[in-house]
Amino acid sequence: MEEEEAKWARVFLSWRDVSVKVKVALGNSRFLLQDVSGYADPGSLVAIMGSSGCGKTTLLNTLAGRLGNASLVRGEILANGRRQRLAYGNLAYVTQDESLIPTLSVFETMMYAAHLQLPSSMSSYDKQVQVHRVIREMGLQGCVNTRVGGWYTQGLSGGEKRRLSIAIETIKQPPLLFLDEPTSGLDSAASIHVMKRLKALAKTGRTVIISIHQPSSESFELIDLLALLYRGRTVFFGARAETKRFYETAGFPCPTFRNPSDHFLWVINSDFDQQHYQDPDGEESSTAPNRAQNAQTLIKCYKESNSHTFVNAKLRHALGKESEVLRCSSRGPDFWTQAYYLTSRSFKHMCRDLTYYWFRLCVYVMLSIVLGTIYFKVGLTYNAIQARAALLMFLTAFLSLMGVMSFPSFIEDMKIFTRERLNGHYGVAAFAVANTLSSFPFIVLISLLPGSLVYVLAGLHPGLDHFIFFFASLLACLGATEGLLMSVASLVPDYLSGMMAGCGIMGIYSLTGGFFRFHDELPKPIWRYPVSYISFNTWSNRALYNNDFHGLYFDNVVAGAPLIPGDEIVQIRFHMGISYSKWWATFVLACMAVFYRVLFFFAMKLRENLPRIRHKLRHRKVVVMTEKAFSDDVEMVSSTSICGSAAGDQKA
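Heads up, the sequence shown is in the UniProt record's numbering, so the first residue is 1 and it goes up one at a time.
Worth flagging that the hints you see were computed from the coordinates, not collected in a lab.
Quantities reported herein were computed from a predicted structural model and do not represent experimental measurements.
Virtual Cβ for every residue (Gly too), placed ideally from N, Cα, C.
A hint or two may mislead.
Said to hold, decoys possible - DEER-style ranges, computed between Cβ atoms: (1) Ser123 x Lys303: 49 to 57 Å; (2) His132 x Phe376: 56 to 64 Å; (3) Ser123 x Asn145: 35 to 43 Å; (4) Ile468 x Asn145: 37 to 45 Å; (5) Arg517 x Leu445: 42 to 50 Å.
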């Protein structure tokens with residue numbers, strides 16, 4: 001145990017008179033936290049407890065540097081007696097939502113986490129040793145080869161998923177660990193198991209801080225220090241064992257057979273104060289006690305208690321005795337290593353997840369068979385002119401539109417990216433490159449197989465060179481579609497919003513693609529310039545029409561009249577000038593595919609940096625408002641200046 005403890009620096013985290021204020025509707029503002037103080041010793045399990053809306057997660061996010069920049073934060077947060085930004089490897093944060101890849105096993109998940117977080121200089125064998133050690137620490141050795149599982153496949157239980165999420169963030173052996181509601185949604189047995197694992201992590205010398213709603217009596221006994229909040233104010237902070245005595249002294253003794261944590265929250269939960277109930281006779285009565293008054297009594301008693309005096313003494317001692325500066329524990333892997341393992345992980349997931357591309361491919365194949373049989377051997381008659389144009393237009397429009405089927409998978413990818421990015425696992429560029437490379441083989445497949453079926457069944461322009469160009473145009477068009485949809489997925493909050501936005505964009509692109517109305521007849525403002533020129537349907541139609549009609553001759557509507565050249569049809573009937581060759585149109589599509597992937601990268605960077613940009617724009621305004629926002633003259637600090645997100649330590 002001593003050998004393990006020596007592998008990381010110890011972190012004594014203290015916070016004094018921390019207040020958080022946010023703006024609400026109509027220009028008003030309210031406090032989320034008011035003058036909250038406390039500390040977390042190395043080797044201790046600290047729990048922030050309270051009823052819903054009391055400020056548990058706000059305090060946890062403030063200490064971890066994850067509070068939004070729109071909030072005003074006052075107070076002092078110190079790590080080892082210093083104001084210092086925690087570097088890469090010293091801090092981990094586990095959220096309530098387990099954003100895990102459902103198709104990977106526990107061991108695969110942990111090995112990819114090791115490759116993405118541990119330094120490249122560390123051998124693969126040493127990484128495996130560390131992975132197995134963390135798996136044992138979290139009690140996951142019994143399901144090491146079990147896949148995580150999702151809505152369509154069985155896998156890990158809720159408790160096992162929660163422990164796996166914790167294991168991922170502890171692979172770097174961080175000395176400071178934050179967990180938001182680690183037992184939320186778990187049954188009693190699973191909750192106790194998770195809490196025991198967290199207690200074991202704390203005993204190795206780590207500082208573990210959790211927010212928790214209402215633990216069982218056995219889970220409650222595992223807590224070392226308890227911060228009890230009521231509407232953003234401290235009801236009690238101190239040793240867990242002292243809480244019962246404090247309540248008893250304040251006049252609220254805990255009944256013998258009641259869970260202490262239930263009693264502590266029951267006394268101060270004022271959500272149901274003055275609620276009216278109907279008795280069997282239909283008469284209303286108010287039976288709920290005034291627990292808001294109970295909370296005020298406890299807050300006042302705490303300020304006069306020995307626990308409060310001890311906390312202040314501890315904080316003064318921490319301020320006067322600066323300890324070691326926390327430095328980067330180890331450098332993460334380089335960009336190419338990150339991109340390689342992210343590509344491998346993503347490709348493996350896409351191969352195993354039927355909903356990512358395989359269901360979509362099945363729909364494409366079935367529709368291609370339908371299209372091919374409806375337009376079977378379309379021929380070179382006069383009526384075949386419109387039939388060929390409709391077939392080519394519908395094929396590209398439908399293949400593009402059905403890309404929205406993958407939005408649920410895209411959104412899940414973005415959730416995983418957000419969690420891992422905030423903890424500094426890798427950079428934005430590595431993820432963008434990996435997503436592009438891993439999806440490319442599937443885009444090739446869904447372009448080649450459906451396209452081949454339609455081409456052969458419909459009897460389009462004969463010749464291998466024409467088929468290869470047809471395939472290349474479809475590939476470029478679908479590549480642009482995937483890039484656009486990923487850009488949308490990086491900006492929307494959920495897959496329903498993404499599907500609506502994606503369908504709307506695809507609909508506009510199809511309408512301005514030149515089939516439903518010719519380009520030279522579109523209203524010039526907006527629809528012709530610039531929408532029709534940024535629509536990939538415009539360029540895919542030009543490429544496919546030129547490729548299919550060029551060199552063919554069609555029957556004239558008048559019997560015995562000369563045959564109609566395909567080039568003349570494209571130029572005169574469809575108003576697509578021959579100044580744009582099919583190669584130029586395909587080149588434009590390829591450039592669009594690259595452009596939308598670059599746009600995907602910048603969209604993710606914008607999403608990541610938007611709060612920071614807003615904060616800079618509002619900085620002067622915030623400084624001016626500081627004196628008005630808080631009554632006393634205590635120095636304002638940004639939560640990110642003390643325990644900033646590890647994402648800042650990873651390059652783009």
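Outcome of the hint check:
no.	hint	verdict
1	Ser123 x Lys303: 49 to 57 Å	holds (55 Å)
2	His132 x Phe376: 56 to 64 Å	holds (59 Å)
3	Ser123 x Asn145: 35 to 43 Å	violated (23 Å)
4	Ile468 x Asn145: 37 to 45 Å	holds (44 Å)
5	Arg517 x Leu445: 42 to 50 Å	violated (33 Å)
In this structure, the earlier hints numbered 3, 5 are contradicted, and the remaining ones agree with it.
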